[in-house]
Amino acid sequence: MKAIKTILIVGGGNVAWHFQRALSALGDIDVKQTSSRKAVLDRAELIIIAVKDDAIEAVAQKIEAKEAIVVHTSGITGIDVLKERFENCGVIYPLQTLKKGIDVSFNALPLCLEANNEVTFSLLETLAKSISSMVYNINSAQRKHLHLAATLANNFTNHIFGITKEVLDAADLPFDILFPLIDNTITEVKTHNPYSIQTGAAKRSDETTIEAHRAMLDDEQRKIYDILTQAIRLKHRE
Numbered sequence: 033m034k035a036i037k038t039i040l041i042v043g044g045g046n047v048a049w050h051f052q053r054a055l056s057a058l059g060d061i062d063v064k065q066t067s068s069r070k071a072v073l074d075r076a077e078l079i080i081i082a083v084k085d086d087a088i089e090a091v092a093q094k095i096e097a098k099e100a101i102v103v104h105t106s107g108i109t110g111i112d113v114l115k116e117r118f119e120n121c122g123v124i125y126p127l128q129t130l131k132k133g134i135d136v137s138f139n140a141l142p143l144c145l146e147a148n149n150e151v152t153f154s155l156l157e158t159l160a161k162s163i164s165s166m167v168y169n170i171n172s173a174q175r176k177h178l179h180l181a182a183t184l185a186n187n188f189t190n191h192i193f194g195i196t197k198e199v200l201d202a203a204d205l206p207f208d209i210l211f212p213l214i215d216n217t218i219t220e221v222k223t224h225n226p227y228s229i230q231t232g233a234a235k236r237s238d239e240t241t242i243e244a245h246r247a248m249l250d251d252e253q254r255k256i257y258d259i260l261t262q263a264i265r266l267k268h269r270e
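Heads up: take any position in the sequence shown, counting from 1, add 32, and you land on this note's numbering.
Heads up, a few of these hints could be off.
What the hints assert, rightly or not - With beta-carbon atoms standing in for the labels, derived distance ranges:
1. Glu119 x Leu205: 57 to 63 Å
2. Arg254 x Thr219: 26 to 32 Å
3. Ile108 x Ser237: 22 to 28 Å
Claimed, not checked - Capping the alpha-carbon separation at 20 Å, the derived lysine-lysine pairs in PhoX-like fashion look like this:
4. Lys37 x Lys64
5. Lys70 x Lys37
6. Lys267 x Lys235
7. Lys132 x Lys64
8. Lys161 x Lys34
No lab work stands behind these hints: they were computed from the structure.
Virtual Cβ for every residue (Gly too), placed ideally from N, Cα, C.
Assemble the whole structure, with the sequences as input and the hints as a guide.
Listed below in C-alpha cells is the structure:
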C-alpha cells in the first residue's frame with residue numbers, strides 16, 4: 033500500500049502548528065499549510081482540517097479536492113461531518129493540550145484515529161505511527177467520551193489549581209509547596225481507582241474543618257468547594 037507523501041494542513045492555530053512541525057520533521061513528506069478563511073484549492077493526498085470545532089463543516093465545504101483523504105482533529109465532532117462530502121475521510125485527534133511555541137513530544141502523545149473505510153484507516157495508521165508510539169482506533173462515540181474525560185482531568189483540574197494558587201497567594205505562601213502532594217496524587221491515580229484513595233474532610237464528614245475552609249473562600253470559590261464537597265460525601269455514602 034502506497035504511503036501518504038503529500039499533506040495539506042488547513043488552519044493556523046495551535047493544533048495546526050504542532051502537526052505541521054511533527055509531520056515536516058519526517059523529512060520524506062511534502063507538508064503545506066493554508067488558511068481556513070479561503071477556498072482550499074491546493075491538492076494533496078491527505079488534507080487535515082485543524083480548526084475550531086464549530087468551523088469544521090464550513091471549512092470542509094471549501095475543499096475542492098474530493099479525491100483526497102480529508103480528516104479533522106476534533107475530539108467532540110463526529111466523522112459524519114465529512115462523510116457526505118468525501119469518499120475517504122477520518123479523524124486524527126491528538127489527546128493533549130497543544131500550544132504554539134511549546135514543543136511537545138509526539139512520540140508520547142496519544143493519537144486517536146477513525147476512518148470511514150479500512151484502506152483509509154490503514155493509511156492514517158501508518159502515518160500516525162511514524163510520529164507517535166501511542167495510536168488508538170477510537171470511534172466517534174468513544175471519542176466524545178474521551179474528550180469529556182480529558183476536559184474533566186485537564187481543564188477542570190487546572191481551574192482548581194488556579195483557585196489553589198489564589199488561596200496560597202492570599203496567605204503569602206508559595207504554590208510549589210504543593211508540588212510533592214500533587215505529584216503523589218498523580219502517581220496514585222495511575223495505579224488505583226481514584227475513588228479508593230479519596231481522603232479529606234468531605235469523605236470523613238468533618239464539619240468543623242469544612243466550615244473553617246468555607247470561611248476562607250470568596251463566594252465563587254465557596255460555590256465550587258460546596259459542589260465538590262457534596263459530591264464526595266454522596267459518593268462515599270454508597
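Hint check:
1. Glu119 x Leu205: 57 to 63 Å: Holds, at about 59 Å.
2. Arg254 x Thr219: 26 to 32 Å: holds (30 Å)
3. Ile108 x Ser237: 22 to 28 Å: violated (37 Å)
4. Lys37 x Lys64: The hint holds at about 11 Å.
5. Lys70 x Lys37: This hinted pair is violated, its Cα atoms lying about 24 Å apart.
6. Lys267 x Lys235: Holds - the C-alpha atoms of Lys235 and Lys267 are around 9 Å apart, at most 20 Å.
7. Lys132 x Lys64: At roughly 17 Å apart (the allowed maximum being 20 Å), Lys64 and Lys132 satisfy the hint.
8. Lys161 x Lys34: holds (15 Å)
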